[in-house]
Every structure is written in C-alpha cells, then in structure tokens.
Amino acid sequence: MSHTASLTWFAHHEFRLAWRDWLAMLTAGKPGRVKIVAVALIVFAVFMHLAAHSIVAKFADIGLETDIDRGTFVIITCCALLAWSLMMSQAMESVTRAFYARSDMDLILSSPVAARRAFAVRIATMAFSTVLMAALLAAPFINVLAWRGGVRWLAAYGVVVGIGATAAAMAVALTVALFRTIGPQKTRMAAQIVAAVIGAMFVIGLQVAAIMSYGTMFQLAFLQTDFVVSLVPAVDSIVWWPARAILGDMAALLGVLTAGLLLLTASVVIFSARFGEHAIAAAGASVGRVRQRRWLQSFRRSSPKGTLRRKEWILLKRDPWLLSQTLMQLLYLLPPALMLWKAFGRSNDDLVLLVPVLVMAAGQLAGGLAWLAISGEDAPDLVATAPLPASFVTRAKIEAVCGSVALIFAPFVLVMTYASPRDGIVSAIFVAVSAMAATLIQLWFRTQARRKHFRRRQTSSRIATFAEAFSSIAWAATAGLAAAGRWQGAVITGVIALGILFGVRAVSPPKP
Amino acid sequence: MNQHRPFAALDIRGLKKSFDRPAVDGLDLTVRTGEFYTLLGPNGAGKTTTLRMVAGLLRPDAGSISIVGIDALADPVSAKQRMAWVSDEPMIYDKLTPFEYLEFVAGLWGIDPTAGEANARELIGWLGLGPHADERCEGFSKGMRQKVALAGALVHDPSLIILDEPLTGLDAGSARQVKNVLRERVAAGGTVIMTTHILEVAERMADRIGVIAGGRLIAEGTLGELRLKAGKGDTSLEDTFLALVAEQAEAEAA
Chain L
1 MSHTASLTWF AHHEFRLAWR DWLAMLTAGK PGRVKIVAVA LIVFAVFMHL AAHSIVAKFA
61 DIGLETDIDR GTFVIITCCA LLAWSLMMSQ AMESVTRAFY ARSDMDLILS SPVAARRAFA
121 VRIATMAFST VLMAALLAAP FINVLAWRGG VRWLAAYGVV VGIGATAAAM AVALTVALFR
181 TIGPQKTRMA AQIVAAVIGA MFVIGLQVAA IMSYGTMFQL AFLQTDFVVS LVPAVDSIVW
241 WPARAILGDM AALLGVLTAG LLLLTASVVI FSARFGEHAI AAAGASVGRV RQRRWLQSFR
301 RSSPKGTLRR KEWILLKRDP WLLSQTLMQL LYLLPPALML WKAFGRSNDD LVLLVPVLVM
361 AAGQLAGGLA WLAISGEDAP DLVATAPLPA SFVTRAKIEA VCGSVALIFA PFVLVMTYAS
421 PRDGIVSAIF VAVSAMAATL IQLWFRTQAR RKHFRRRQTS SRIATFAEAF SSIAWAATAG
481 LAAAGRWQGA VITGVIALGI LFGVRAVSPP KP
Chain W
1001 MNQHRPFAAL DIRGLKKSFD RPAVDGLDLT VRTGEFYTLL GPNGAGKTTT LRMVAGLLRP
1061 DAGSISIVGI DALADPVSAK QRMAWVSDEP MIYDKLTPFE YLEFVAGLWG IDPTAGEANA
1121 RELIGWLGLG PHADERCEGF SKGMRQKVAL AGALVHDPSL IILDEPLTGL DAGSARQVKN
1181 VLRERVAAGG TVIMTTHILE VAERMADRIG VIAGGRLIAE GTLGELRLKA GKGDTSLEDT
1241 FLALVAEQAE AEAA
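Protein chains in written order, with the numbering used here: chain L, 1 to 512; chain W, 1001 to 1254.
The shape of chain L in the complex, shown without the other chains (with noise of 0.2 Å):
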C-alpha cells in the first residue's frame, strides 16, 4: 500500500469509527433508536433555532459599515474565546483519552503502517470532532444571524474552523507538554482537570471581574463599562480579527482561517512522530501501590446503611480525578461565594441573585453523586447479594449523596441566612428539593455502569440527562422568584419542575 494510499485508508477508517462513536453516543448504543433521534434532533434544531432568533436577531443588522465601536468587539471577541475554551477543552479531553485508551492502540503500534502517518490522520480526527461539534452548536446563532442580517455571517462557520483548529493545536501541544513535565502517570488526570478548568475559566473570570468591580455578575454589563473599553486596543486592531470576520471582513477570516490551520499543521508535523512514544509510555504507566494503614486497626462497628454511607464517602475522597469531576461544577460556585463575601454582615438585595446559582448547583452536584452512588456501583453483585431489602441499600446510597450536597451547601446557606435570613431559609429549602429531584431522576434511570465511566453519564440516558438540567433550572427559577417575593411566578415554574419530574417518572424504564 503507497504511503497515500495508507493516509487515505487510516483517515476513512478513523472517520468511520468516529461516525460511529457519535451515533452510539446519540442513540445510547441502541441502533433501532435512529429514526427517533433524528426526530428529537430535528425537533431540538427547530428549538435551538427559535431559542437562538430571540436572543441574537436583534443584533443581525451589525456590520463593519455600520458605526461600529470597541465595546461591540470586546462582546464579539468573548463570544469567540468562550467558544475557544469550550473547543480546547473538548480537543483536551480527546487527546488524553487518545493517549491512554488501549482499545487499538496495540494494533496501530504493531502493525507496519508508519505510527507517525497513523497518529497525524487521529490528531486531524479530533481536531475535525471539535471543529464539528462546535459548528454544529454555533449553527443556529449563526443562520439566524444570516437569515436576518445576510450571507456575510456565514462567515462566522470559517470563524469556528479557525478558532478550532487552533484550538486542537494548543490542546496537543499542551497535552504533550504535560506529558513531558509531570509524566505518564499523573498526566492523566492533570490534563483532565486542566480540561475542565479551563472549559469554566472564561465565564467564570468574567464574572469574578465583574463581581470585584461593579458587584455585579453580569458579564455583558462589565463588558460594556468605559473601564473596559478603555482597556482594550483600538478598532484597526489584528486582535479584533476573529469579530471582524465573524462580521464579514473576508481578509480577517483568510486570517484567522490561515493562522489556525497553519497551528494544526505545525501541531501535527511535531507532534505525531512522538504520539506513538507517549502512547506506549502511558499504556506502561503503572497504577500507584497506595497503602491506607488500616491494617493495623480493627474492624468499625457500624449498621449495614452505615457501612454502606462510609464506603461511598471513602470511594468519592479517594479519588481525586472523580472528586474533581464531581466538584468541578462547584468552580461555578466561586463567583457566588464571592459576592457572599462582599457582601457579608450588610444587607444586600442583590444575595436573592445567589439563590438560583446555588439551586442549580445543588441539582447539578446531586445529580453527579448520585449516579456514582446509585448506577456507578463497581461491585454490583456483591450489594445485590448481601442480605439487605434493595430498598434498605437505596436508601442509604441517597442518604450518602444528600449528606454530601449538605455539607458542600450548608456554609453557603448559613452565610446567606446571616446576611439575609428569608434568602437563606428559601435557598436551604430549594437546595434539598433540587437536589432530591435530581437524585430521583438517577434513581428511575439507573444502569449498571463502571465509576471510571463517569464522564459517559450523560450518554446512557439522554432523557434523564435533559430532564436533569432542566429539572435544576426550573427549581433554581422557582427559589429565585420565590426569593424575590414573584410568588405566582414562583407557583408556575414549581409547578412546571413538578411536572418535569412526573413526566420523567413516567416515561422512565421499568425497575429490573
């Protein structure tokens, strides 16, 4: 086979197996699923589309002949660079999991194919997998955008291509600089965490920034204030090229198109010759002997609901890449705690703002810890065995996830109730709720799963996963209006929360 001929055969076999590994992750492994997902997706499509008219068509007749000013490209520009850290923390996520998933690694590796041909056709993939995934997301604010403004912001498609192929770049090349620096074994879950920081990093320095400037958590109003703008460079500026061609500007997007693809060139030619090195070094990185010292103390006398608690506990705390997974969406707690702080030992109207944050969070943390407890079990049958009623280790799986979102919330709630005592009772009662709400939907959708799978929850029920968020999001509207004294509007969106559950209930599979 010529050297081509190889790269053509690698590259339609990487893409096949990505094709596939999108329609497993859409149709949850179930092929006779196809036709309804392409409804549920048509459907979501036309949804996003409406969703994404009413947010960005006003903005459609923005243009670089019109007036524009450095406040309108500052937005512009953070619009791009959030989507930049999404794609860079998705690219990261693929390279690290290129690196330490075997499946056919062994077979790459040892076949005669050059490694490094092999490994450059896998970078592309994953470079293609964001730049897709990304497009596809962006899609319907940028057709609504073209449909009210004109064909000019289509250009915003070759935006994402450029932004994602830099993206892919710096995700390798900091991947692999990991690598080198701290090695095989604790790359793993460094990059991972890495991912995830800085997935978060962009909204969440915003906010900070806006917190510590103006107390406010408004990003768009930080943006937009005189301290910014007079910040920032002028409007000819070679920074603003990705917002001017997102507005049209042909040589801008020639720009910033070249600029990316010419990083994902350099990204590949450099590092697929070493891929192949790392990949063998991090299939030859051995699991740590970590010893506890419990050898030398006696057994606890302690109920079965109680041994059962104490081992979710010990398994969550020992596990710092799942700890940080679990914990990360508590990063997003660090703007509210910030405002806390602020605001502390005054009175502040602007706390009824935290209440929703940290009902959402609640929900979002219990729904994580939950499907560790209650479908991530690794010895299945050994609790199935044990001469317990199922309802008896249920119980004390969500007794472990409810203490746990307790005691992550409770200085958050007492703060609040200090400084507000009607936020703080309101945000302690929809915080239990929330949290029970997204533990009983983990509860009716549970499967059996591996807790080292934790990253695939979202794909073993597109249902629970949606119904998840949106149960957060209703009850975390429900305490915010509740907290504002909107008690109608806080009894519609409670009731919508409540029906959001029964329906889950109701279309959710039966018990085994």
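In case anyone wonders, no lab produced these hints; they're calculated from the structure.
Positions of the beta carbon are idealized from the N, C-alpha and C atoms, including for glycine.
Check each hint, because a few of them may be wrong.
Simulated pairs of lysine-lysine, BS3-like, Cα-Cα distance not exceeding 25 Å [what the hints assert, rightly or not]:
no., chain 1, residue 1, chain 2, residue 2
1, L, Lys305, L, Lys452
2, L, Lys452, W, Lys1142
3, L, Lys317, L, Lys186
4, L, Lys452, L, Lys317
5, W, Lys1142, L, Lys186
6, L, Lys452, L, Lys186
Examples of chain W residues toward chain L, derived with CB under 7 Å [to be verified]:
no., residue
7, Gly1056
8, Ala1074
9, Val1077
10, Gln1081
11, Met1091
12, Ile1092
13, Tyr1093
Keeping the supplied structure of chain L fixed, place chain W upon it in accordance with the hints.
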C-alpha cells in the same frame, strides 16, 4: 415416625428463565450440605443463569429455590445471609484495600466486628494477600482481585458458596490457593457449588458433578456414575462430558 433430616444446601425445583429463548428450562437440582458440587455444561447451557437466580441476581420466571431450607424467593434476605456469590469477573472496589473491602463486606452482612476482623486476617493469610492487605486494589492483577473477591465471599462464614468460573485467568499458584481454601471450607462443613470449564478441576475436586445442557440437568453423579451413564469405560471426564452432551444434542435433534 418423623425423622429429622438436615435441609439440602440447595434445592431447585422446576426453575425456568427465558430471555430471547429458554435459558433454564424446568431445572431440578439438589446439592447436599457439606458437598463440593461442580456444574458443567457447554457455553450457553444455562449454568450462570441458574446460579445468578440462586444468588438473587435474577428473578426466575417459574420454579422454586430453597437454600438451607429457606425459600429464597419468598425470603431473599434470610437466604442471602447464608450464602456468598463470586462471579467470574472479580468486582471489587479499586480504591479500597483488601482489608477495608473485607470490613465493608462484614458490615453489609452485619457480622460482629471482632469475629469479622479475625476471619478477615485469617483469610488474608490463607490467600497470601498479607503483604498487600493495606494496599488499594487498583493495581492488583486479576488473580489477586479474584482472591480478594473470594475472601469477601468467605468473611461472613456462609453455609453455601456459589462460584462462577472462579479459576478463569488465574495462574497455577493462585488457582492452587483458591482450590485449597475451597477444599478446607468443604472439610469444615460448608457447601461449594462451582461452575468451571476446566474439567480437570471438576474431576479432582468435586464430590458430585452435574451436567447442564439446554437449560436442563442431563446427568448428575460422581465421576464413576457419569462414566456409567455415558457408557464410557475408564475414560477422562472430558470424554464422558462430550459424550453426554453429544447424546443430549442428538436426542434434541431427533
């Protein structure tokens, strides 16, 4: 006159379970207390399905299961208190040490901590896990994981131990340790039911052997009794087993 007879360790009557097709089809099986019983059968014969129903991991479509006289379907908690299950794929917690794992199992079974700890230390010694007792299980080989799982099954001192292919993937040394522990358990009055594809193990260890095919028990007895039934003389268990399965396949085809 009513004579007191000890309950069978396991008594199965008319057990049925279907998935796409019948996996277990009216199975009757009795295993006596203090017996080492080996269940043989070709792939898909229904061995694992049967044992998973006994362990309470699958609900039968029909039939009854009695464990040391306890109706396992009516009172699963009491039945589970008396038995242990070890699957072919050792499922343990990577982040716990063997000692902590045994503490967890003892806690689930409600064993007195002092007795549980004594059992755990003894089992860890027997199975050669001593040097690794306080290391997390995440770096363990399959053999070590299987030994930890076996120790977990024994730490609460069950009357009936059910093992599904416990020796698959173990090296000779580990397999020997596992076999020794099981033999000692039977010598102490416990009952062991084990499936295996390693016929030599069944030949050497089992008091009685049951052969399952098509979800039914097609033959049962000591090695000698099976040879007699298969019409084979002084042949190996492998020849006897293959003859019995072929005979059953011919009967079904006819």
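Here's how the hints hold up against the structure:
With a CA separation close to 24 Å, the supplied pair L/Lys305 and L/Lys452 stays within the 25 Å bound. Proposed proximity of L/Lys452 and W/Lys1142 is supported: the alpha carbons are some 18 Å apart, at most 25 Å. At most 25 Å may separate the alpha-carbon atoms for a hinted pair to count; L/Lys317 and L/Lys186 meet this at roughly 18 Å. Of the pairs offered as hints, the one joining L/Lys452 and L/Lys317 holds, with about 14 Å between alpha carbons and a cut-off of 25 Å not exceeded.
Annotation: proposed proximity of W/Lys1142 to L/Lys186 holds, straight-line Cα distance about 23 Å (limit 25 Å). A threshold of 25 Å between alpha carbons decides the hint, and for L/Lys452 with L/Lys186 the separation of about 16 Å falls inside it, so the pair holds. Of the supplied interface hints, the one on W/Gly1056 holds, with its beta-carbon coming within about 6 Å of a beta-carbon of chain L, less than 7 Å. Against a cut-off of 7 Å between C-beta atoms, the interface hint on W/Ala1074 is violated, since the closest Cβ of chain L lies about 13 Å away.
Below 7 Å, beta-carbon pairs count as interface contacts, and W/Val1077 has one with chain L at about 5 Å; its hint therefore holds. For W/Gln1081, the interface hint holds, the least distance from its beta-carbon to any beta-carbon of chain L being 4 Å, beneath 7 Å. Of the supplied interface hints, the one on W/Met1091 holds, with its beta-carbon coming within about 4 Å of a beta-carbon of chain L, less than 7 Å. With a least beta-carbon distance of about 6 Å to chain L, the hint placing W/Ile1092 at the interface is held under the 7 Å criterion.
Hint on W/Tyr1093 holds. Least Cβ distance to chain L is approximately 5 Å, under the 7 Å limit.
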